[in-house]
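Novice: Residue numbers (the working numbering), protein chains in the order written: chain A, 1 to 298; chain B, 299 to 596; chain C, 597 to 894; chain D, 895 to 1192.
There may be inaccurate statements among the hints.
Said to hold, decoys possible - No more than 16 Å apart at the CA atoms, straight line, and that leaves these computed lysine to aspartate or glutamate pairs for EDC-like:
#1 C:Lys893 / D:Glu1169
#2 B:Lys492 / C:Glu819
#3 C:Lys752 / B:Glu521
#4 B:Lys454 / C:Glu819
#5 D:Lys1191 / C:Glu846
#6 A:Lys231 / B:Asp574
#7 B:Lys454 / C:Glu799
#8 D:Lys1088 / A:Asp254
#9 A:Lys194 / D:Glu997
#10 A:Lys297 / B:Asp531
#11 A:Lys194 / D:Glu1144
#12 B:Lys300 / B:Glu356
Claimed, not checked - Covered, in the sense of this in silico footprint (three residues per stretch, anywhere, with C-beta under 8 Å from a C-beta of chain D), are these stretches of chain A:
#13 44-55
#14 114-128
#15 145-156
#16 162-174
#17 201-209
#18 275-287
Simulated from the structure, these hints should not be mistaken for lab results.
None of these values were measured; they are calculated from a predicted model.
Positions of the beta carbon are idealized from the N, C-alpha and C atoms, including for glycine.
Residue strings, one per chain:
There are 4 protein chains.
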Amino acid sequence: MKLAILGLGKMGYNLTLNLLSHQHEVVAYDVDSSRAEELGREGAIPAASVEDAVAKLEAPRVIWLMVPAGEIVDQLVDQLSALLSPGDIVIDGGNSHYKQSVERYERLKAKGIHFLDVGTSGGMEGARHGACMMIGGDREAFAHIEPMIRDINVDKGYLYTGEAGSGHFLKMIHNGIEYGMMQAIGEGFEVLQKSQYDYDFAEVARVWANGSVIRGWLMDLTERAFRKDAKLDSIRGVMHSSGEGKWTLETALDLQAATPVIAMSLLMRYRSLDEDTFHGKVVAALRNEFGGHAVEKK
Amino acid sequence: MKLAILGLGKMGYNLTLNLLSHQHEVVAYDVDSSRAEELGREGAIPAASVEDAVAKLEAPRVIWLMVPAGEIVDQLVDQLSALLSPGDIVIDGGNSHYKQSVERYERLKAKGIHFLDVGTSGGMEGARHGACMMIGGDREAFAHIEPMIRDINVDKGYLYTGEAGSGHFLKMIHNGIEYGMMQAIGEGFEVLQKSQYDYDFAEVARVWANGSVIRGWLMDLTERAFRKDAKLDSIRGVMHSSGEGKWTLETALDLQAATPVIAMSLLMRYRSLDEDTFHGKVVAALRNEFGGHAVEKK
Amino acid sequence: MKLAILGLGKMGYNLTLNLLSHQHEVVAYDVDSSRAEELGREGAIPAASVEDAVAKLEAPRVIWLMVPAGEIVDQLVDQLSALLSPGDIVIDGGNSHYKQSVERYERLKAKGIHFLDVGTSGGMEGARHGACMMIGGDREAFAHIEPMIRDINVDKGYLYTGEAGSGHFLKMIHNGIEYGMMQAIGEGFEVLQKSQYDYDFAEVARVWANGSVIRGWLMDLTERAFRKDAKLDSIRGVMHSSGEGKWTLETALDLQAATPVIAMSLLMRYRSLDEDTFHGKVVAALRNEFGGHAVEKK
Amino acid sequence: MKLAILGLGKMGYNLTLNLLSHQHEVVAYDVDSSRAEELGREGAIPAASVEDAVAKLEAPRVIWLMVPAGEIVDQLVDQLSALLSPGDIVIDGGNSHYKQSVERYERLKAKGIHFLDVGTSGGMEGARHGACMMIGGDREAFAHIEPMIRDINVDKGYLYTGEAGSGHFLKMIHNGIEYGMMQAIGEGFEVLQKSQYDYDFAEVARVWANGSVIRGWLMDLTERAFRKDAKLDSIRGVMHSSGEGKWTLETALDLQAATPVIAMSLLMRYRSLDEDTFHGKVVAALRNEFGGHAVEKK
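Model the full assembly from the supplied sequences, consistent with the hints where possible.
Specialist: Spelled out as structure tokens, the structure:
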């Protein structure tokens, strides 16, 4: 199949290599033209602009967006809306909010253009060698791209999830679970690190990654991280986040679903951004007021 | 009533003044003899030792311990066990663990000596002007001291709670609630502090302390703290703890009672003791492994 | 001062009585005309419609909305926007979302009409005998109504909080704290209820309400509730919520403020709405899969 | 290697089959003699009693306990202490508390007998086909059994963790992480179940188990559970627990380690045991007291 990938960052770059290795023709575009040129040397067809990328495709055109969630997606959808024809297919493979995907679906549908919201999990390695893809949107559009999707995901690691938004919704929830799992792993190692025992953390992760109930890719990655830095002495425990955990909690609140573990994993990320906290100051000051307990001065 | 106070720290000192102002005779002892001498000038009878304090009382002797929870209580109970006679009454007014109070009760009961576990809330001001007291142990021993207890607690702010340990158990739970309330207040002010609005926190605490649903002594103290330091700039948000919150949670776990707010208020105290966290490092390292997300180097 | 109250539910009705008892002239209107008639017998001036209420006032007119948060506020603001004149003052005393209050402020400001967002705490009793009011909006509009505000709030229980939205924002945070405090109290009693001791809960609440660190109105109300039903046997532990706790958490998430206690108190409310949970089924099924642990069949 | 397995429940039975399939000689004993007889038909040597099992071994004897944590372990350790000789090795492969394992290690060491605390993860399938084993105790004892351990754990899924107790400590933490992960998965599916989308949960688990960041054995098991019962309609969401999660949290508290996700996953298990809650009643009653909000009557 011939298609265009717009956005050649960590995910889009690897996805393009994956597609090429399965004999698909990929028109590659990025605002940083060096990325497309690099992929050109790997067999992709570099495009100089969005217009150029569209022009290099034949109907029904398939355009895969692999850009960060946010305004840039809307800009591209607007631009493509003017360039594409009925029957063409736009895929958003990024981490967009599912409500925005529903809006974009409606916007393109008004022009007869299909929009598929594709949640992609598996990191850079997944993009390159086989990820997990959750795909919402019109079934006929999905059917058109399924052979290509099958090629780039090993072991049938993809799912057509139904109506518009359901792919990104599912990916959002996946990330919420991921937050909880990662925090759980982190907490376990924190207790080990504070304990009286002197464990080799890489070996702990290795043994847990083999045969245990908690084995899985995250544990493989935990071992890999500890192999590089046995006690993680070189890094700070600042946990950034890029939105999906927050969206998951907000969605849970809207649905009145009790999700304490997802909530706490998100809140501990926020806590990690602050060196000191105002709530801590208030509590310390109160303890001093009623009990004369000493406070720590700055 | 004539009684001895052993331990003249912040709480014992103020309690002695409270008793003296209600015309009770107080034999006062502390390892730091200057404390008893000071109270001697206020009308107390200074004692040079535990033996001396006991010798200065008449049967049935009433001895009130106001010392930190822990070994020192056991040492005093052992010492008093040898010095006292059947019918005498030992009061533990500190924050002892209720299980230890039950053991001490049994130990003294074997000698015919009463033991009352008295949980005391209200801080230093309460000790001085009227606290809240929760009293477990033999009813007849309570009946003997009730007139004195009534004097030092305004508005009948005391309760005979029944069998041995029930006083300290109730105080423990009180402190668990206190942890939750303080954390709730702290969190509220943290959101205010991070918001786009520029509130005068002392005024906020003042208005909340007048007529609102959340009015109470903690809010009065919050106002007082902000009056001294408008943004609490001079202190660090390190939240120490002295045991009762932890005991409350441990007890809740034993009883399989779901207490998420008490649990989280305790865990945030522990979190505040660490400048950086190991769980944060693990999560940051994992994000880097699967998604190539940048980590913050030390 | 002469003013109109629109909305004579639990809060508006009591607020009207409060104003009347301080010799203010109150034009009273509710969709249920019997409420205005009732208040007419107490000295209020019943109005037959919003138009009638406005007509009964003189410039600068003061209109106080005491209606549930939501669409009805917008309908009234639109209606009043057409009826009022520059310099008039609309007060929203309900629990509106602060962002909506900012929008309404802007909408009325375009017509020269003042809008004050007044967060009101203290329950029905507060509305009647003196509440806590947090007031955002134009300072000159506040200055105009301050004498009236002073009358109906004892001990200066009001605060001008600054720009539009800041009153409702502060009330929102107040409610977030309230959620945390209530859950903390509830958890404490749950541990008592599951403990080996047989406490008289009304007496426990009474003693905690007198002299303790956690004394306050919520503890007074706890005592009152237990006096009516010693073990709360007649009611179910279903905890409904009306929005402010959710808004507080959503705001905290937007500000990246770690508020675990507020979060958990909200999530436990949602949890209480479900008799059974899907997350529980998943965990139970997983335990069965890996360990053969028995599941409970329906 | 020749060794005895005491305790032929789900784990011990499968472990025996595993050992037999690797040509080890297994003396098998259980209080239910039919279990040993059954395994006798598979090639094991049935023993009629603990004494008989010991008598059937040659020095240095290796005895593997596979019984539930608790008193039964102490009874067996006492019994074996009298039957065994210096140099013999007792293995506790159950989920004992690490502090008890240290005590048992000391008790047997006084007689010259080795004690290895072996945390075993992987469920029944792991016991049968290759689990994950974490082994604390004397290194020489470990060295003696390592060849056998290697046989029954694929991919080197075992780790010698050092001094006594460190094996069971590590297994305890493993289970704490497991609690967090399972709750995270459960919460994710709860949000899906409450959402507007109609997902096929088995297919969701399948796709997440292939290529995603959260792939792992728990996700495989999630798929398996949903294949049997698409919406888990037949079971109740009651989440029992057998101790390790509680011990993990208690240990974290002792070490002042902030573990909110592990804490909440445990507390939600406790919450699931109650059809109604007392904290919910208190909160509902309080809302009624201050705001007149309706309560749900029983």
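Novice: Straight-line Cα separation of Lys300 (chain B) and Glu356 (chain B) no greater than 16 Å?
Specialist: holds (8 Å)
Novice: Closer than 8 Å, Cβ to Cβ, for at least three residues: run that test on the stretch 201-209 of chain A against chain D and report holds or violated.
Specialist: As far as the stretch 201-209 of chain A goes, the hint holds, because 5 residues have Cβ atoms under 8 Å from chain D.
Novice: Starting from Lys893 (chain C), check that the Cα of Glu1169 (chain D) is at most 16 Å away, please.
Specialist: Holds, because 15 Å separates the two Cα atoms, which is no more than 16 Å.
Novice: Tell me whether the statement that chain D covers the stretch 162-174 of chain A is true, taking a Cβ distance below 8 Å and needing three residues at minimum.
Specialist: That given contact holds, which follows from 8 residues of the stretch 162-174 of chain A lying within Cβ reach (below 8 Å) of chain D.
Novice: Between the stretch 114-128 of chain A and chain D, are there enough contacts, at least three residues with CB-CB distance under 8 Å, for the coverage claim to hold?
Specialist: holds (count 4)
Novice: When you check the alpha-carbon spacing of Lys297 (chain A) and Asp531 (chain B), does it fall within 16 Å?
Specialist: holds (9 Å)
Novice: Check the hint pairing Lys194 (chain A) with Glu1144 (chain D) against an upper bound of 16 Å on the C-alpha distance.
Specialist: holds (13 Å)
Novice: Are the Cα atoms of Lys454 (chain B) and Glu819 (chain C) separated by 16 Å or less?
Specialist: holds (14 Å)
Novice: Given the hinted pair Lys492 (chain B) and Glu819 (chain C), is their alpha-carbon gap at most 16 Å?
Specialist: Violated, because 36 Å separates the two Cα atoms, which is more than 16 Å.
Novice: Taken at face value, is the distance from the CA of Glu521 (chain B) to the CA of Lys752 (chain C) at most 16 Å?
Specialist: Holds - the C-alpha atoms of Glu521 (chain B) and Lys752 (chain C) are around 14 Å apart, at most 16 Å.
Novice: Compare the distance between the alpha carbons of Lys454 (chain B) and Glu799 (chain C) with 16 Å, and conclude whether the hinted pair is satisfied.
Specialist: holds (11 Å)
Novice: Check whether the Cα positions of Lys231 (chain A) and Asp574 (chain B) lie no farther apart than 16 Å.
Specialist: Distance ~13 Å between Lys231 (chain A) and Asp574 (chain B) Cα, so the pair holds.
Checked against the numbered hints given earlier, this structure breaks hints 2, 5, 9, 13 and 18; the rest are met.
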